Amino acid sequence: MAVPERNAVKHRLDRPGLGLGLGLRNCHFEHIVSNWPEIDWFEAISENFMDSGGRPRWIINQVAERYPVVLHGVSMSIGSTDPLNFSYLSKLKALAKEVNAAWVSDHLCWTGVMGINSHDLLPVPLTEEALQHISARVLQVQDYLEQPLVLENPSTYISFSDSQMSEPEFLTELVNLTGCRLLLDVNNVFVSCFNSDTDPQAYLDAFPYDSVVQLHLAGHQDCGTHIIDTHDGPVRQEVWELFRQVWARCNGVATLLEWDGNIPAFDACHAELLKARNYMEAGHIQTADPRPQPESTGSISNPVDFLVPQVMDSSVMEHR
Amino acid sequence: MSNQATSLQTIQRWMQDALMFPGQTSGESTTGLINPSSRQTAEQRLAVYQRSYYLRLQKCMREQFPALCHALGEQLFNDFSSDYLQSKPSVSHTLYELGQRFPDHLEQTRPDAGEKPEQREQWIDFMVDLARFEYQVFSLFDAPGHEGKPFAAHNTADEILQLQPCFALGDYRFPVAWYYHQVRQENQPKIPAMQRSLIALLRKDFLTHTFQVSFTEYQFLSLLSQGSSVESALQRVAEQTELPVEQLRDSWSSREGARARWIDAGFFIAGS
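Chains as they are written, first to last, in my numbering: chain A, 1 to 320; chain B, 1001 to 1272.
Just chain A, with the same shape it has in the complex:
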């Protein structure tokens, strides 16, 4: 397994950013195929389409004929101590080829061990052992997929006492060891730093921007003692301010809004995404609102129910 030299990798990842994109969600399918909205690109959850023989597969193929598509996974489990799932990777590779995916991303996390999938994005201890383990797996995945893997900083609610480095340090080393690229989720930086009493500014100052190919934006819920990455509302002002800094450092990489709970109409999601333009201009500084009062204590981290289609709506009882 060769470590790709960054400058030698002539991959589509090196092309300019895709612009402003949205997640491809079941509840927006009808709107998208009826209107073909003016949007730069879509990000599709890999697992929602890789096994599909029904409408989701038809939709993503239609979308891929008209827009750039990026595949974003939640089950690669790159940090797990279980063996890599090559059946899964095979389906992922086939889907990436079918939709001509601009790149394939997943999270710096594990989702389960001993064959179980928790369907959560669980944090890895930031240790030398984990770094060596994960970098070896990233190399295997990249060899198999024949392209660099893009990994996202997850939202986290705990930090391990065994951790030996910060997340930016871990990701920097991972990039050096594997040539992988990064998806910087700005909301996750805010969430994880709040939850671990660390400084988001220091996090951003230490991040390896040269490897970033994509940014994520999303809303979160403030539970008072902690913040949960719920993806169920508009982007918070504090996160927009971080985005402004990140954008200036990333030189125009693809930017995507995730909205996965209480998903509003497509146009409302798109309008929220386009707010990003307000923070792309140098010198545009908006004063952050004071931290709002906590509004929720019952939120669910990493919502996944949006991944399950409303099948009942597509069912008909015949009387002939």
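Calculated directly from the structure, the hints in this document are not laboratory data.
The model shown is predicted, which means the values in this text are computed figures rather than measured ones.
Accuracy of the hints is not assured; some may be wrong.
[Said to hold, decoys possible] 25 Å max Cα-Cα, derived SDA-like pairs, lysine to any residue:
1. A:K91 / B:F1206
2. B:K1204 / A:W58
3. A:K93 / A:G115
[Claimed, not checked] Below, a sample of chain A positions facing chain B; criterion: calculated Cβ distance under 10 Å:
4. W58
5. K93
6. M114
7. N176
8. L177
9. M317
Just so you know, even glycine gets a beta-carbon here, dropped at the ideal spot from N, CA and C.
Given the coordinates of chain A, work out where chain B should sit on it, guided by the hints.
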């Protein structure tokens, strides 16, 4: 936990157990592995993951079994699905398979499992059948189908008629399809009395259609789904039902017969 660094594998096994069996996690192990924050203890931080684990997956189960959730009520449905998720956690990369083993789990864990079949609670039979039907409908939603390709036409010869790929048959003890569609129409159906219900399910134009079929039709379609030709299936059904094969042929091919109705409905494609 000792003061030495804990291996990645040990941490992951410990954390997964902590999610699935939250009551069995010792405070000592938690404080040994997880740092507190200025606002939360180590246990409180871990609890964010523990609480979300079941809530998140229960929500997905409610999406996969909306009619069963309606029949049981959300609280009882959540209790059953928690028991299921603890006993049979997901082993798939896709949430689409989350509920795959739920109907069998309900059957295996029913409180009257030790009773003779005739002495068992009928409402449990209904719940098991409804769960089976709902997962069947859910599976057909995204199974390989025939959209975008031509279906059989009225002039397609019997010799090359084949059931389309996104097709299934169901044999239930209750009219579960009726109940499901009552819930879909936002009615408040009562649990129906036991009455055998034979159905054919298929997907056409990305809509899943449910058809009530007679026992004879069910036998005929079963044979076709096993690869029999139309003529051979008609003869086998005649043998099984002791009906004259001519009568069955007429039911099949008359102007208002099953052949015409089913071709119009998208049961068949033209094979080679």
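Practice task
Could you check the structure against the hints above and give me the numbers of any it violates, in ascending order?
Solution key: Hints 5, 7 and 8 contradicted; others consistent.
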